[in-house]
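*Asks:* Sequence:
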Amino acid sequence: MVLMRGKSIITHQLIKFVNFVKLEKLYIMKHLILFVLFLTGFSALSQNMKPIIPIDTETNKIKFQAVVDEKGSKDELFNRSIYWLNDYYKDPVRITSIRDVETGKIEGTHHFRIYYWDEDSIKHIGGTINYTFVLEFKEDRFRYTITELLLKSRTNLPIEKWLDKSDPAYNKQWDSYLEQIATFVNEWSENLINHMKPEPEEKVEDNW
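Numbered per numbering that gives the first Met the number 0, the sequence shown spans residues 0 to 207.
It should be emphasised that the hints constitute simulated quantities derived from the structure, not laboratory data.
For clarity, every value in this text was computed on a predicted model and none was experimentally measured.
Hints may contain errors.
Derived lysine-lysine pairs resembling DSBU-like cross-links, with alpha carbons at most 35 Å apart [claimed, not checked]:
id: 1; residue 1: 122; residue 2: 151
id: 2; residue 1: 62; residue 2: 160
id: 3; residue 1: 73; residue 2: 89
id: 4; residue 1: 60; residue 2: 122
id: 5; residue 1: 122; residue 2: 171
id: 6; residue 1: 196; residue 2: 60
id: 7; residue 1: 137; residue 2: 73
id: 8; residue 1: 160; residue 2: 104
id: 9; residue 1: 70; residue 2: 89
id: 10; residue 1: 164; residue 2: 60
id: 11; residue 1: 137; residue 2: 151
id: 12; residue 1: 196; residue 2: 73
id: 13; residue 1: 160; residue 2: 122
id: 14; residue 1: 196; residue 2: 151
id: 15; residue 1: 73; residue 2: 104
id: 16; residue 1: 171; residue 2: 151
id: 17; residue 1: 151; residue 2: 164
id: 18; residue 1: 151; residue 2: 104
id: 19; residue 1: 60; residue 2: 137
id: 20; residue 1: 60; residue 2: 160
id: 21; residue 1: 89; residue 2: 137
id: 22; residue 1: 171; residue 2: 60
id: 23; residue 1: 196; residue 2: 70
id: 24; residue 1: 89; residue 2: 151
id: 25; residue 1: 104; residue 2: 89
id: 26; residue 1: 60; residue 2: 89
id: 27; residue 1: 62; residue 2: 137
Based on the provided sequences and hints, a complete structural model is requested.
*Replies:* The structure is reproduced here in structure tokens:
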């Protein structure tokens, strides 16, 4: 009788243990599935976020533009931008077509290269992108704009073509090119913004 009762207790404990293990497995599987879904969603979100290519709703053309708050009069900001031009571009006079102090406007054109990598991860030049930039200045703020992005060729192909994935000529390298363009503009604007900050005032020591 005691033996039967002992077997019953052991059986009951085994059943509880088995059920516990099953629940633990379900718990782990549930969270594992949620984790995988999270990673999948995050990956999809990251892919959708890159590259960030702003489109002008009026022209349907690519247009990078931002207004930056910075202390200084219109003329002071204009002069700081001249220092930036001289530092950033090799031939700043030649590339700028407008330098109007009165209206607080600078306009110019330049170019940069884009690249692709072959199956052996060897880097090749994919082309040259021409672009137009405009700098505008007001009291305590300035605005930069980059537009007219064209792939340099006989016809100067507008890069908006690369946004159309339904194009029969679509190439996956287009996405990489767009990403490189966005990266260039981000670095270009960051460099400009840093140079537009006023120089720190020198502290004069009062030794007496």
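*Asks:* Which hint numbers doesn't this structure obey?
*Replies:* none
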